[in-house]
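Visitor: Listed below are the residues making up each chain.
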Amino acid sequence: MGLAKRVLQGDIRATARLLREVEEELPGATDELKALYPHTGKSHVVGITGAPGSGKSTLIDVLIDAYRREKKTVGVIAIDPSSPFSGGAILGDRIRMQRHATDEGVFIRSLATRGWHGGLSKAAANVIHIMDAMGRDVILVETVGVGQAEVDIMNFAHTSLVALVPGTGDWVQTLKAGILEIADIFVINKADKQGVNEVEVELQAMLQMGAPYPDAWKPRILLTEAINNKGIDDLMEAIRQHREFLVASGRYEAHLRERSRLELIEVLKSSFMDRVFRMAGGDDYVEKLIDDLASRKVDPYSAASDIIKRILQEGTF
Amino acid sequence: MVSERKLRILVAKPGLDGHDRGAKILARAYRDAGFEVIYSGLHQMPEQIVQAALQEDVDLIGLSCLSGAHMYLFPRVIELLKENEAEDITVIGGGIIPMDDIPKLKEAGIREVFLPGASLTDVVDWARVNVEPCRYGERD
Chain C
0 MGLAKRVLQG
10 DIRATARLLR
20 EVEEELPGAT
30 DELKALYPHT
40 GKSHVVGITG
50 APGSGKSTLI
60 DVLIDAYRRE
70 KKTVGVIAID
80 PSSPFSGGAI
90 LGDRIRMQRH
100 ATDEGVFIRS
110 LATRGWHGGL
120 SKAAANVIHI
130 MDAMGRDVIL
140 VETVGVGQAE
150 VDIMNFAHTS
160 LVALVPGTGD
170 WVQTLKAGIL
180 EIADIFVINK
190 ADKQGVNEVE
200 VELQAMLQMG
210 APYPDAWKPR
220 ILLTEAINNK
230 GIDDLMEAIR
240 QHREFLVASG
250 RYEAHLRERS
260 RLELIEVLKS
270 SFMDRVFRMA
280 GGDDYVEKLI
290 DDLASRKVDP
300 YSAASDIIKR
310 ILQEGTF
Chain R
0 MVSERKLRIL
10 VAKPGLDGHD
20 RGAKILARAY
30 RDAGFEVIYS
40 GLHQMPEQIV
50 QAALQEDVDL
60 IGLSCLSGAH
70 MYLFPRVIEL
80 LKENEAEDIT
90 VIGGGIIPMD
100 DIPKLKEAGI
110 REVFLPGASL
120 TDVVDWARVN
130 VEPCRYGERD
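So the protein lines, in turn, are chains C and R. Each residue of the first sequence is one higher than the one before, counting from 0 in numbering that gives the first Met the number 0. Each residue of the second sequence is one higher than the one before, counting from 0 in numbering that gives the first Met the number 0.
Hints are computed from structural coordinates only; laboratory data are not their basis. One should not assume that every hint holds.
To spell it out: a stretch of chain R is covered by chain C in this simulated footprint if at least three of its residues, at any positions, have a beta carbon under 8 Å from a beta carbon of chain C; those stretches are [to be verified]:
id	segment
1	17–29
2	51–57
3	81–95
4	108–118
Quick reminder that beta carbons are idealized off the backbone N, C-alpha and C, glycines included.
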């Protein structure tokens, strides 16, 4: 039996294996993804982003618990950085969630960024699809610990949570573009720490200046102490309200459409590039061209037009 | 285009044993060798370790035990892997383990045992030589 069929039946081993094949970009994986695609688009994808140590993994741990009480099945994708030197990684998010390891309704997969920027990993889109096809009601995606500009998650998640902690900067941070703009829900975690009111007030001030569209979602600000399981009911309620808002306003459909557009462009880009390089003369030709670029015998503009010329001469694409 | 196949390793602490300095140092050494390492955290039941290994599709499980309960915990992990048809995952062990127990553990399916004083290079090299992320393309 193919892996896809077993994934649809919720088979853990087959799913884990397919996730690996997708991550390694093995040739067989594409056919499995094709078979799974019609079964995707059903899960509610919730993204959790924020600085390192803001409590993302612990928030996910308590959210898993809350969703399981509602009898919902959960998929978790937890991303940690790969070393730019060794290529290795410590995938440590799972430590906070290990109490759910033996619950069949919870599937946790750690991914390394493998050189991908933006807070996610290259495989993240397909990993979401696979967990979706597996029938998970909710998929929680934890980004790497981020700074200011890693906003990829907003393209994948229906609902984006941004986790903050008290004491991480003054008003000027809330003026800046980037991560604070993508939050549907702000979670000020570690709310027992000093400075929690300042963060809340700055965020409120920031939100009052924005929201020019009357029918837009008004981002919520919530206080939590994930480690003490405090504030989680309100957080669950806010996530539920956001989902209802998306559905009622037609944004849920729009998101799916936009997601599909981006995905088509991504897949087209990578298959196009593969094909272009192959038609231009394969790896040997490309490597030679890169050598010439490195030694400055040729410039990238001329190299690119050379490739295009060769393809046009081939005639068929 | 096929990207590089990475070795994925689960470093796990089974049982009631709070000493994880060694496990953490090992996790770091594996990371520096270019592997992707999942660390389980402390106080894990064999069931939790095996489920984590399955979900993460690891190639190697490194069990660390300094509590003396290795003769129960290590074979139990092997047993659970078999029950889940995952005996292709290599399992090694380390910690305070009497010499007499080593042959028994190996008989139970623990591929290698590392004792206090083992060099990090040896442990990392063992994984490089003996474990390959090669369990692909199987269709059953």
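Visitor: Now tell me if each hint is right for this structure.
Guide: Outcome of the hint check:
Interface restraint, the segment 17–29 of chain R with chain C: holds (3 residues with C-beta to C-beta distance below 8 Å; minimum three). Only when three residues or more bring their CB closer than 8 Å to a CB of chain C does the claim for the segment 51–57 of chain R stand; here the count is 5, and the claim holds. With 3 residues having a Cβ less than 8 Å from any Cβ of chain C, the segment 81–95 of chain R passes the three-residue criterion, so the hint holds. Note: the segment 108–118 of chain R has 0 residues with beta-carbon separation from chain C under 8 Å; the three-residue rule is not met and the coverage is violated.
Hint compliance for this structure: hint 4 alone is broken.
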